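Taking the hints as your guide, dock the two standalone chains into a single complex.
One-letter residues, chain by chain:
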Amino acid sequence: MAEDIKAKLENYHTAPFDTRFPNQNQTKNCWVNYVDYHRCQNALTAKGADTTPCEWYRRVYTSLCPMAWINSVIHE
Amino acid sequence: MAYPLQLGLQDATSPLMEELIQFHDHTLMIALLLSTMVFYTILTTVTTKLTNKNMLDSQGIETIWTIAPALILILIAMPSLRVLYMMDEVNNPHLTVKTIGHQWYWSYEYTDYKNLEFDSYMIPTQDLIPGQFRLLETDHRMVVPTDSPVRMLITADDVIHSWAVPTLGEKMDAIPGRLNQTTFVVSHPGVFYGQCSEICGANHSFMPISVEAIPLIHFEDWSTSMLAKI
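Residue numbers (the numbering used here), protein chains in the order written: chain A, 1 to 76; chain B, 77 to 306.
Everything labelled a hint here was simulated from the structure, so no lab data went into it. Check the hints yourself; a few may be wrong.
[Claimed, not checked] Using 25 Å as the maximum straight-line C-alpha spacing, the simulated SDA-like pairs for lysine to any residue come out as follows:
1. LYS190/B - GLU55/A
2. LYS28/A - LYS247/B
3. LYS6/A - LEU192/B
Predicted model only: the values in this text are computed from it and were never measured.
One chain only, chain B, in its complex shape (with noise of 0.2 Å):
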């Protein structure tokens, strides 16, 4: 989850996250090693005392400097087009869960065997326990089993939301009158975190996600304790 003064990306808790750091840092040190490279430059060029009054082209600099970067273009899109064509890979999904985005609160459909459906309110920063995190914790998590291919799909009843969790790679808007799809599998079992991510009234920023992830054996007993619950 996020820690104080993070810069870069969650740990990944999929694979598809884990590729997307992967692509992530390989265009980031280009981007770097690039930037260097010219703020070098810049800076040798504006210290310096010679002065040459007869250069005026040189076709083999020039060829050199349009060559090089349409390379390094292609080695940033190599990467990002396999990633992107990974994410739309067909995986056949072993649950399907909904979630609809209300101002401001998500709730959460299990509906592939019996009806379970639950509502998910941030925990207020007073009604908090040692060891909670704040603006975070929900009082009913979305519970998934690990190791499955899971299905989202994401709607909303009132105005736009975003349903997004950093660690798993997703964020997928939730749009009235819209189903959008979007599917993960989460490698290993814990509780991960999310925000709304789309402005949609006041509590826009109090309405967080919070995913746990259990082995499957455990996830067929919580979905039992849930139906007799509600």
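Bound conformation, chain A alone (with noise of 0.2 Å):
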């Protein structure tokens, strides 16, 4: 599983297509994997367990979301 996560990481070129999101607004695509980061990293970290799954969202989130939102949602 550890493997799998690290060679899909690897492999990251852009968010793949979400099923959950196939039309055109995507600003729910942006929070959701932002929130998932968070909740991840927060889940992970209690259990004392590697972040590294968290990582993934942290690529998508990245590559959706626009840098100053994601700057003034850190600055709140």
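Structural data, given as structure tokens:
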């Protein structure tokens, strides 16, 4: 499993098609991956486990979300 | 790109735009044929010296000119829906480029690997060098690789703008707080222009878009050099 996620991360080009968001409006796609990354980080850190799987969500939201949106959330 | 006294669409640079042009030509031909037929019919009706005071109705011709328009509409609808669904096909993109509309310039972000972002301002007319196009050139172009599906995510920072590149068949509103997605493939290298397509204030006409398509191997060199510069 850990090897799978590492391989997936190494072969990452850009956010793949997400069937949950098939249409024009991708706002939720950006939001969901951002939230999932932080939830994943919190959950795995609380368990004391390796947080590498969370990297996937970080790559996806970095690809999708405008930098200004990410920065403004961080500063809030 | 556009040229003086242009009447038709710009030549296609993406497969989808080729389809759209074909559909446009098909539908326009039907419209022109019908208009010609109607114009001729009116002309002959108005100029004839023949009169017939006994014609009341005719079931035959009424049937024909009810069924025929329905068939013509079907002939138009079939390719229309075909292209419409083709535009929505899932294509796994190789690259995501974000563009943000501002008053009055576009900014581009390439964040799949590193965080490359830059602004793209129009080159003012007095600063153009010979050979450059007035109101279309920008200081930094959005560069994409040829033959690669590109996902565009379009939004805005202040008011509504619209990102349009006619030769790629692209136009998508840039709305603050919303991320609009569109995809395209550029068939051949070149520089392709567009202009902001939603009124956004004083300099709405002066925030053009220019897209440069280059082979993938050169794209990697470009992105490295842009990261070094910025």
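Here's how the hints hold up against the structure:
Among the hinted pairs, LYS190/B with GLU55/A is consistent with the structure: their alpha-carbon atoms are about 14 Å apart, no more than 25 Å. Our distance criterion of 25 Å between C-alpha atoms is met by LYS28/A and LYS247/B, whose separation comes to about 21 Å. For the hint linking LYS6/A to LEU192/B, the alpha-carbon distance of about 24 Å falls within 25 Å, and the restraint holds.
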